[in-house]
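Novice: Work out the full structure: start from the sequences and follow the hints.
Protein chains in written order, with this note's numbering: chain P, 1 to 195; chain L, 1001 to 1751.
It should be emphasised that the hints constitute simulated quantities derived from the structure, not laboratory data. Accuracy of the hints is not assured; some may be wrong.
Said to hold, decoys possible - Derived SDA-like pairs (lysine to any residue); straight-line CA-CA distance at most 25 Å:
1. Lys1561(L) - Met1533(L)
2. Lys150(P) - His1565(L)
3. Lys1572(L) - Lys101(P)
4. Lys1572(L) - Ser2(P)
Said to hold, decoys possible - Sample of chain L residues at the chain P side, in silico, Cβ under 7 Å:
5. Met1533
6. Cys1560
7. Ala1579
What the hints assert, rightly or not - If you want the footprint, here are the derived chain P segments under chain L, 3+ residues with CB under 8 Å:
8. 11 to 18
9. 39 to 53
10. 151 to 160
Where a beta carbon is used, it is the ideal one built from N, C-alpha and C, also for glycine.
Spelled out from the first residue to the last, the chains are:
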Amino acid sequence: MSLRELKVCLLGDTGVGKSSIVWRFVEDSFDPNINPTIGASFMTKTVQYQNELHKFLIWDTAGQERFRALAPMYYRGSAAAIIVYDITKEESFQTLKNWVKELRQHGPPNIVVAIAGNKCDLSDAREVSEKDAKDYADSIHAIFVETSAKNAININEVFIQISQRIPVIDADGSAVKGFKLRRQPSESTRERTCC
Amino acid sequence: MMMKESKDEFTTSGDRQNAGRTVPNGVSRDQTKTLSLLQGLRLCQDAWAPKSPWDSHGAHAALWGRPSGSFLVVQGSLSQDQLLCVSVADSGEPVKEFPIITTGTALQLTTSHLAFPDLFQLLHFYTLSRDVLPVCLLVPSWVYTLINLPDHLVPLLGPKTWLCPSSDLQANSMTSETQGTAEMPDTVLCTIQVTAANGALCFINPLYLQEHGDDWLAHSPASPVNRPIGLRRDRRLSTTRAWEGRGLKLRSSTLAEDNSSSLDHDKGSSSPVSPSTPEGVVLRRASGTSKEDPLKRASTDSLQSPLPQSPHRVSWIEDKIWLNSPLPSSLLQPPCLELDSLSVSSMEEEFEPASSPSLPSPRFQLADKMKNRLSAVGQALGGLVSPQRRLSKRVQEMAERRAGAFAEAVRGFVEDTLAGGAAPGGTCTEMLQDVRSALTNLREMLFDCPEIQSITDSVGDIPDFELDAMLELALHKVALKPVYTHLYVCLKTARRDDGTLQRLEANKSTLENRSLEELEGAAGAGVPDSSMMDKIQHRWTTMHEAYSPSKKVDTLLKVCKNIYHSMNANAKPGTVFGADDFLPCLTWVLLRSDLAILQVDTDYMMELLDPMQLQGEGGYYLTSLYAALFYISSFQPRLAKRQLSAEAHQSLSQWHRRRTLHGNQSRHSQNRRTIRRHGPLAEDGNSSKESSLSDRLQEALQGLEAELEAVKEEEEGRAGREQAQVPETLDLTCPERTDGERTTGNHRILN
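Specialist: This is the structure we're talking about:
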């Protein structure tokens, strides 16, 4: 089985719950074999997708306007970007649109864009309708999911859909920065279990 | 998963090297006793595993009132699997059932993670350790002597004999077992005892040491040997579980049975503290499939447990030790040359343990005795940690060899680099790029070197990037150590010339009195207190002193960890701090540090780090460090509510694009031996065409003034403006865009 490292960057206004989403995604599957990362700004999780292992290297960015110009350093080389907005804050949805535009122009050419409308547990305070957001996402061919990091709704969905959209590995492997785990399964198992 | 593991265990258990890795932690038990129990169980299988019509009902009836630990194995009523029925002498439920499941060739109790190749070994283990059982299994003493019994008598043994404690077999007059009082003077079933007194090899959880120190190691167990079997059995492990039973696994009893000769052989040559009698029981973590974090669990264990009593129980091994040094069996030769690879005293000259991914670092002070023990562990693990050392050593030798091609290349590189600063017209960044491509060239050279290949081949099938990282690290010492101070001087000069250092200083005084909130940090996140800041300053110094960019990154990660620690210190539990909180906090720390030195180190790392390493955690925090420094150096009060200039943005992208191109190049090389050779050429081509980072920065700064004007205008006409124009400087397909195009395309970036 081959392992592919997929850099995923998180964009969105401060306070929309970027890191909470990732935390949710990562925490439930704490893999004792992977060294935990030192903080929530950078986290990893490996999931199996078909006959590949996808190791997500998740790069969080600071959402404050003041730091926004630093984002290119972070999203450069990403296979996917998750742009998060808060369904109870119309403004965060506008920011999202700006991120989409910036990525289209500055981002990696084939970057997979996923839009996550977070805090869907607070639908009473909703300011962004699901349909509007969905229509927008469709218009830019982005993945769209409403999530709740708080209630763990649709968190895995986002990443599953990213896995699905990542281009299939070429026969010569040149499309991606992956490497083959050439070790025999039994051996790689042993690494983890040897006395 | 479990299946694979256990299968694997069994297939490899015969390997000689397992003797080195296996912790033969039993003491003073005559090995023949193990054999005789296994063989005895085998011989009288009909006695304890009666065939149909015996079922669980029959077993319950037969076991009722029997001594605790008495057991029978019968066929389960519903499935193919067998049932282990155990008398637990509990008035409520005197007999308990434990299904034994078969997964492929391995057997295990459904509730346990321990798997065994056959029933005999499973039962044997549970006579020693109860694991998930309420009590240890009780085996009649005559079973041990069964091999001495005339063949014709054996078939006569049935469940009745098995369960009847008074059956007296002529072969041995040993008193039969009654509950908890069986006397087996020469059979000491304390394989799970690890005693310091006897010099058994201990694996010690460093967390435990942190909490409790290592004084307890000096306590000698009262009498670790000759403990009557009954006492052992009766000791309820649950009360002392944290130290007593956890993590113990039967590696494979076949080890003891089938490989006694090789074990015996090994024991002579392996660690001096290895116990005299190898056993099949080794310390290990419960299971790779366990969802639970063994590190966490280990810490819980050790934190909760009181000071352990002798005989000393040892705790988990940190996973990392095994994980990052995946070695195939071929490599696990007795680690003669690397006896003290793990010992505290033999750490590389540079501060804390090298290549932090692989070794838990004993940061705390250790008493000598602990060092010795760690050293002993090092001997056991030597085979696992040695490749890097062997590689480094060999590379060093090669670099010193007279008239060697590699030595010549290194010498040439060092001379060129040291002379490089004086070369007219060459910028510092270009020089660093040259250094980077020279490192890549040297690495390729090493790859093609038979001496190195013999080492890398023996390391086995590890991913290319790990091999790259190992060679890089080995190279740093021979190539970078002689030149790094020179590079520092060049970098510093370049940064002074382009004004970065001056701006850092100026803006530092503007910003340093701002609180975290004023730096856009969220309320709730803490900042390092003064003692933590001292620690961080110390680490910055360490980072600056390191010549290897990889080691610098390791230190950077430690600083970031310290920062997280401070952020969390007074935060509400459960708060998750992402980049929104981390970047301001990092900025806050930087404003209290020597920015000039940090800028030099950051440039050094960014240009010299293997591009492959830029995607991971180190790359992330290096990017954050770079970003925070950039934020400070380009801070403009008048732009306070706006972004950095587009020029700045662009120069960052330029840098990143260059690195990405390089990175992809090496990543894409499928046939490394051929393609890699071409890599450097292409890289040279690229790097000379591209603008250097500092050039870009300079341009950025020159553009700032014009930018300010533009901003003013824009602010006036802000309402109703269309989407911002975005420069197209980042188009990867046209990397050679001219400067003219760049400046014209530059207006501002998005809001």
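Novice: Could you run down the list of hints and mark each one as holding or not?
Specialist: Going down the list of hints, with the structure as the test:
no.: 1; hint: Lys1561(L) - Met1533(L); result: 12 Å, holds
no.: 2; hint: Lys150(P) - His1565(L); result: 23 Å, holds
no.: 3; hint: Lys1572(L) - Lys101(P); result: 36 Å, violated
no.: 4; hint: Lys1572(L) - Ser2(P); result: 40 Å, violated
no.: 5; hint: Met1533; result: 18 Å, violated
no.: 6; hint: Cys1560; result: 6 Å, holds
no.: 7; hint: Ala1579; result: 4 Å, holds
no.: 8; hint: 11 to 18; result: holds (count 3)
no.: 9; hint: 39 to 53; result: holds (count 5)
no.: 10; hint: 151 to 160; result: violated (count 0)
In this structure, the earlier hints numbered 3, 4, 5, 10 are contradicted, and the remaining ones agree with it.
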